[in-house]
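Asks: So the sequence lines, in the order shown, correspond to chains A, B and C. Position one of the first sequence corresponds to residue 1 (my numbering), numbered consecutively onward. Position one of the second sequence corresponds to residue 1 (my numbering), numbered consecutively onward. Position one of the third sequence corresponds to residue 1 (my numbering), numbered consecutively onward.
Since the hints were made in silico from the structure, they are not lab data.
In this list, chains with the same sequence are indistinguishable; a pair is considered to hold if it fits within one copy or across any two.
Cut-off 20 Å, straight-line C-alpha distance, at most; resulting in silico cross-link-like pairs (SDA-like, lysine to any residue):
no., residue 1, residue 2
1, K292, A123
2, K155, S288
3, K97, S288
4, K112, R93
5, K292, D37
6, K97, T279
7, K292, R105
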Amino acid sequence: MTQHADSAIPLPHLLTLEHLPRPRLVALLDRAQRFADGADDRAALAGMAVCTLFFEPSTRTRLSFQLAAQRLGADVLNFDASSSSTSKGETARDTLKTIEAMGVRGFIVRHKDDGAVAALAAAADPGTALINAGDGRSAHPTQGLLDMLTLRQAKGDDFARLKVAIVGDVKHSRVARSDLHALRTLGAGDIRVCGPASLLPDDATLDGCTVTADLDAALDGVDAVMMLRLQRERMAEGLVASLDDYHRDYGLSSARLRRAARDAVVLHPGPMNRGIEITDDVADGPQSLILKQVANGVAARMAVLEALLAR
Amino acid sequence: MTQHADSAIPLPHLLTLEHLPRPRLVALLDRAQRFADGADDRAALAGMAVCTLFFEPSTRTRLSFQLAAQRLGADVLNFDASSSSTSKGETARDTLKTIEAMGVRGFIVRHKDDGAVAALAAAADPGTALINAGDGRSAHPTQGLLDMLTLRQAKGDDFARLKVAIVGDVKHSRVARSDLHALRTLGAGDIRVCGPASLLPDDATLDGCTVTADLDAALDGVDAVMMLRLQRERMAEGLVASLDDYHRDYGLSSARLRRAARDAVVLHPGPMNRGIEITDDVADGPQSLILKQVANGVAARMAVLEALLAR
Amino acid sequence: MTQHADSAIPLPHLLTLEHLPRPRLVALLDRAQRFADGADDRAALAGMAVCTLFFEPSTRTRLSFQLAAQRLGADVLNFDASSSSTSKGETARDTLKTIEAMGVRGFIVRHKDDGAVAALAAAADPGTALINAGDGRSAHPTQGLLDMLTLRQAKGDDFARLKVAIVGDVKHSRVARSDLHALRTLGAGDIRVCGPASLLPDDATLDGCTVTADLDAALDGVDAVMMLRLQRERMAEGLVASLDDYHRDYGLSSARLRRAARDAVVLHPGPMNRGIEITDDVADGPQSLILKQVANGVAARMAVLEALLAR
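Can you build the whole structure from these sequences, using the hints too?
Replies: Written out as structure tokens, the structure reads:
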């Protein structure tokens with residue numbers, strides 16, 4: 001991926017933030033900030049068709065990309081791959097190649113399998129760009145970007161001074177992985193990961209992080225808390241005893257939040273399970289940046305679409 | 001709602017026609033008439049995103065709003081709330097706030113519960129406008145507007161001289177309630193409501209109306225007949241004995257329509273149950289304004305979108 | 001249909017290629033070629049709304065029409081008739097008339113029943129155009145057009161010299177019927193139809209064709225092989241013994257393709273059942289025009305939309 005180091009060379013795809021060189025990442029954040037400040041450019045992708053190709057449903061992410069693409073002037077097509085040709089036995093690759101043959105040059109792809117989006121990108125023609133909108137547990141790079149944008153707005157550029165806690169089901173979270181990729185690249189000084197042992201990965205994902213099962217310890221003095229969504233299927237899988245237990249041990253309440261720095265901020269990728277991983281008073285409180293994240297999501301996706309597709 | 005009396009002050013939302021001052025209502029009808037006459041204004045909402053947020057499915061109403069928004073230049077997003085994040089346990093309020101945070105300023109909302117749209121409007125930021133596209137049995141204000149526009153085109157502005165019959169399942173009908181709100185505001189001279197006792201409301205809904213279970217009496221000499229759709233679930237609920245009985249007693253046939261004034265007009269909000277509440281010869285006959293209503297629906301919705309969202 | 005012979009008179013609808021006069025067909029192909037070469041005309045249908053009205057789902061055909069309409073500047077509405085008012089008991093005709101009343105002048109209609117699109121066209125107002133996007137087993141005229149465009153690009157205009165084999169489930173295929181209509185009109189010199197007796201029609205569909213159950217004989221020296229998709233329900237219906245048997249007897253492999261002319265081309269309407277009617281090496285090989293067909297589909301649909309709707 002060394003070719004990405006020179007930010008003058010266009011990125012062909014955005015599959016992950018891992019190994020994305022810092023100047024690239026910062027350039028995307030800078031551009032996203034301009035869009036967050038209200039810049040529009042309906043000429044950037046005018047006359048271009050962009051397709052959301054979701055093999056796993058997600059309305060909120062799809063809408064965010066759709067708004068981003070429209071603000072750049074693109075026509076947006078939605079392909080719900082869970083209810084169409086794929087159900088007629090067509091492979092994901094054939095679906096991609098077919099829509100590509102129709103003249104679509106930008107694809108926003110979500111898939112339940114790790115690496116599925118990279119495999120599709122490898123099958124694409126030169127000049128076609130894929131954006132990973134979430135694959136398996138691997139990566140959700142635009143979420144990582146919007147989280148960094150949100151942190152930077154609140155805490156400034158000096159990530160070396162930043163203390164961050166990521167709390168919850170890190171093991172199954174592509175959001176956590178993309179956040180960790182970006183936080184490392186930006187040189188975050190103190191990254192803490194917290195969750196029950198059953199929900200923590202046992203691989204290189206946590207390299208360089210302080211890992212703890214104790215939420216109070218994780219929160220102590222941090223500048224930012226990044227909460228993760230608890231998928232309810234973790235209960236059926238026996239990884240979580242009960243929602244009550246989980247809430248008691250890993251739910252963020254305002255009482256608990258007092259352990260963090262006084263001006264600490266709270267992030268959550270949504271949709272929230274209110275009363276489980278986060279309480280209403282925190283979600284809707286003055287330290288919450290959750291809706292700011294959503295707003296930044298459109299800006300971050302505009303930056304990515306522009307970087308990959310604008311001629 | 002007295003602030004609405006001054007029509008120079010923008011409406012924040014359109015939740016119901018009840019208490020909407022007459023000058024406001026007439027101004028909306030006048031503007032809708034211009035759109036019905038073919039006026040377009042693709043600059044009015046250019047670059048603005050409008051979202052249909054339907055917690056209860058309705059393709060025809062969604063399409064009508066979508067066409068109206070497009071003719072004003074807006075980008076339209078469709079959020080089918082029955083098949084998305086809400087099924088992941090997200091509250092309707094969080095769904096609204098999330099899409100609002102993405103930069104969407106106009107929402108067209110349908111919900112099965114009375115008052116649900118008003119509750120969402122109360123949660124919206126200043127500058128965000130909600131249009132009630134039908135909530136429970138309470139209100140469907142754009143249907144009321146389009147019905148008044150259709151009546152006015154056929155019968156002129158002098159509602160005081162108008163004799164109208166509303167026939168069918170008034171009890172469960174938000175269409176009937178919005179029609180009654182508007183007819184009262186416009187001063188309709190003679191409003192008759194007709195249906196079986198089991199399908200008539202027992203509250204203030206019918207204040208000022210002549211109520212009868214006898215369709216022949218209700219039709220006698222009227223200028224307009226507004227038929228309502230019979231939901232088939234009324235049978236399962238035991239409120240209607242059989243479709244045959246209902247058709248015999250409350251179905252509008254051309255024979256029956258002869259009781260009305262010679263130039264009486266027939267309205268129906270659609271979709272029709274042909275052969276139940278209305279016969280083919282009436283639905284497709286010369287007195288039917290049913291397709292005119294559909295055409296006026298786009299115009300009425302353009303007027304509302306413009307009034308709420310144009311800067 | 002003799003009025004179609006004068007290509008200066010606008011076509012009201014495109015329901016079938018049968019009886020479409022050759023000058024009309026050639027004019028559409030010529031115009032499609034210009035779009036395939038990259039011509040765009042966003043002014044052609046600017047401000048016009050076009051609706052896809054699919055009573056049978058098909059994402060790929062819908063997307064192709066959507067891209068075609070967008071490249072001509074139209075607003076596109078999608079009406080998924082399998083999940084809406086029709087499920088409330090509304091007739092297809094009422095659905096059409098309703099959307100037409102909203103101001104939509106172009107409809108792209110798919111239906112599972114033979115003749116259903118023609119019946120809807122008969123109910124449309126003058127000035128409204130319907131395009132048959134596939135009805136029952138009868139016709140899929142834009143697929144026929146795109147296949148002819150693809151053949152012409154590869155083999156030139158002189159269809160009299162062309163030897164073509166159509167292979168597979170011709171009996172249930174609207175694609176095969178539209179291809180046969182067009183090949184006859186263009187004067188194709190040698191049309192061979194091949195499939196098991198259970199999947200061949202016993203009517204006038206095959207008039208003028210050489211019919212055989214022997215794939216090797218059908219392929220001998222042909223310039224083009226048009227493979228058809230095997231619907232898996234043919235097994236349940238007892239029309240095909242097994243997928244293995246079908247593949248052995250009627251699957252196109254590269255070994256088998258050597259019986260055709262050295263520069264023979266292979267077409268397939270998609271989505272493919274890889275390993276059944278076609279092997280990977282043929283589908284992805286140098287003689288395959290399958291993705292070219294997809295690209296030509298957008299161009300052919302632009303030509304049709306323009307011919308029917310541009311003022």
